[in-house]
Structure formats: C-alpha cells, structure tokens
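J.: Sequence:
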Amino acid sequence: LGTKEIDLYKGELWAKYAGAINYDQFHHRDYRNHTIVVPREDNTNAQMTTFVLLSDVGPHDGPTKVVPIEHTRDIPIGTARTKFGDMFDKEVSIEGPAGSLMVYKTDVFHRGSNFTAPGHSRFAILTDFKTRQWRWQGKLAWPDHAEKNVWNEAMAKMSVRQRDLFGFPPPGSDYWNAQTLRDVQSRYPEMDMTPYRVSVAA
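Residues 20 to 221 in the working numbering are what the sequence shown spells out, letter by letter.
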C-alpha cells in the first residue's frame with residue numbers, strides 16, 4: 020500500500036464444506052462492499068484483501084480462482100461483475116499448503132469455485148487492509164465489537180503496532196492526556212499503558 024499508515028478493517032474466518040452449497044461464482048470485483056465509490060486505477064489508497072489458508076487447498080478443495088490483471092486491464096473499474104463462465108479460460112487456481120498467503124486488491128476479478136470431491140473442506144482467515152486517508156472505505160466498525168470480553172482480552176495482549184491497525188490512538192497522538200490514560204487503563208486493566216504514558220510525559 021506504500022505507507023505504514025494503514026488500518027485492518029475486516030477480519031473473518033471462513034469454513035467451506037463439500038456439498039453444503041454450490042460455491043461456483045461468476046467473476047467479480049470485491050470493491051462494491053468495501054467502498055461506497057470505486058477504486059482509482061492509479062492505485063491511490065488501494066485496498067488489499069489477504070487469504071491465509073488454514074488447510075491444504077488442492078484442485079478439488081474449492082480453490083479461489085483469480086484472473087491475472089493482464090487479461091482485465093482494459094475492463095473499466097465500474098464493471099464489477101462478468102457473465103458466468105466469461106473468463107474461466109483465463110483464471111488461475113489459488114492452491115497451496117496450510118499457511119499459504121494470497122494477497123490481492125479489491126479491483127481484481129476472482130471467484131469462488133465448487134468442491135469436486137466429496138468429504139473435502141477448506142478453511143481460511145481473511146483480513147482486509149486500507150490506507151487511512153479516505154473515510155469512504157471500510158467494511159466493519161470495530162467499536163461495534165468493543166463491548167465483547169474477547170475484544171478486551173485481545174486489545175490488552177496486542178502490541179502497540181497491532182492496536183494501531185485497528186485504529187487505536189498511537190503513542191504521541193493528541194488524544195492522550197492524563198484523563199484518557201487513566202480511563203483507558205480502567206477500560207483495559209491488563210493493558211500495558213507505558214508507551215502511551217511515556218509519550219505524554221515527553
């Protein structure tokens with residue numbers, strides 16, 4: 020993304036099972052539910068999606084199919100979907116062992132595919148990242164989750180950089196003063212506030 024000023028704006032755990040539904044999709048671009056406008060062709064403030072495979076994915080495991088950009092460069096960004104089957108001959112199957120990482124921008128054509136063997140399954144974690152400049156991008160509002168115990172536990176255990184990805188005020192932000200230090204510590208009793216406290220003292 021060309022900057023360290025980024026937000027993690029979505030995280031999901033996906034589980035797919037052979038026979039549960041038909042996972043075959045038409046090719047599409049994801050941006051329609053990641054921004055209320057469209058991406059810029061020059062990649063200014065692009066949004067990135069990542070897949071981390073939690074299970075081995077082979078040709079029978081419903082792999083994600085991606086169309087390389089050289090085949091779609093002339094398709095206007097405003098075209099977010101294709102007819103079913105239109106680019107099947109140009110797609111690449113994303114396969115690999117558990118732990119593999121796939122990264123793509125939200126304007127890349129891709130699709131889900133069906134399982135071709137019974138008894139198979141596929142698991143992945145999806146995380147999305149964006150630069151901080153544009154408020155019209157995003158997908159989830161993290162404060163909507165902030166009253167859950169698991170959120171409090173996670174925030175307390177995170178590093179300063181990890182919290183920063185969720186939009187937590189970094190050390191040196193003008194948000195921090197004696198009052199906010201005290202009350203954020205009250206909200207997250209297990210959090211080490213030292214980095215934030217030191218920045219205020221400085």
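Keep in mind that a hint or two might mislead.
[Said to hold, decoys possible] Each computed DSBU-like pair below joins lysine-lysine, with the alpha-carbon atoms no more than 35 Å apart:
1) Lys102 to Lys176
2) Lys176 to Lys109
3) Lys23 to Lys124
4) Lys158 to Lys109
5) Lys167 to Lys102
6) Lys176 to Lys35
7) Lys124 to Lys35
8) Lys102 to Lys124
9) Lys167 to Lys109
10) Lys158 to Lys176
11) Lys158 to Lys29
12) Lys167 to Lys29
13) Lys23 to Lys158
Note that these hints are calculated values from the structure, not bench results.
J.: Now tell me, hint by hint, if it's right for this structure.
T.: Structure-based check of all given hints:
no. : hint             : in the structure
1   : Lys102 to Lys176 : 46 Å, violated
2   : Lys176 to Lys109 : 44 Å, violated
3   : Lys23 to Lys124  : 17 Å, holds
4   : Lys158 to Lys109 : 29 Å, holds
5   : Lys167 to Lys102 : 41 Å, violated
6   : Lys176 to Lys35  : 30 Å, holds
7   : Lys124 to Lys35  : 22 Å, holds
8   : Lys102 to Lys124 : 21 Å, holds
9   : Lys167 to Lys109 : 44 Å, violated
10  : Lys158 to Lys176 : 24 Å, holds
11  : Lys158 to Lys29  : 6 Å, holds
12  : Lys167 to Lys29  : 16 Å, holds
13  : Lys23 to Lys158  : 20 Å, holds
Hints 1, 2, 5 and 9 from the earlier list are contradicted by this structure; the remaining hints agree with it.
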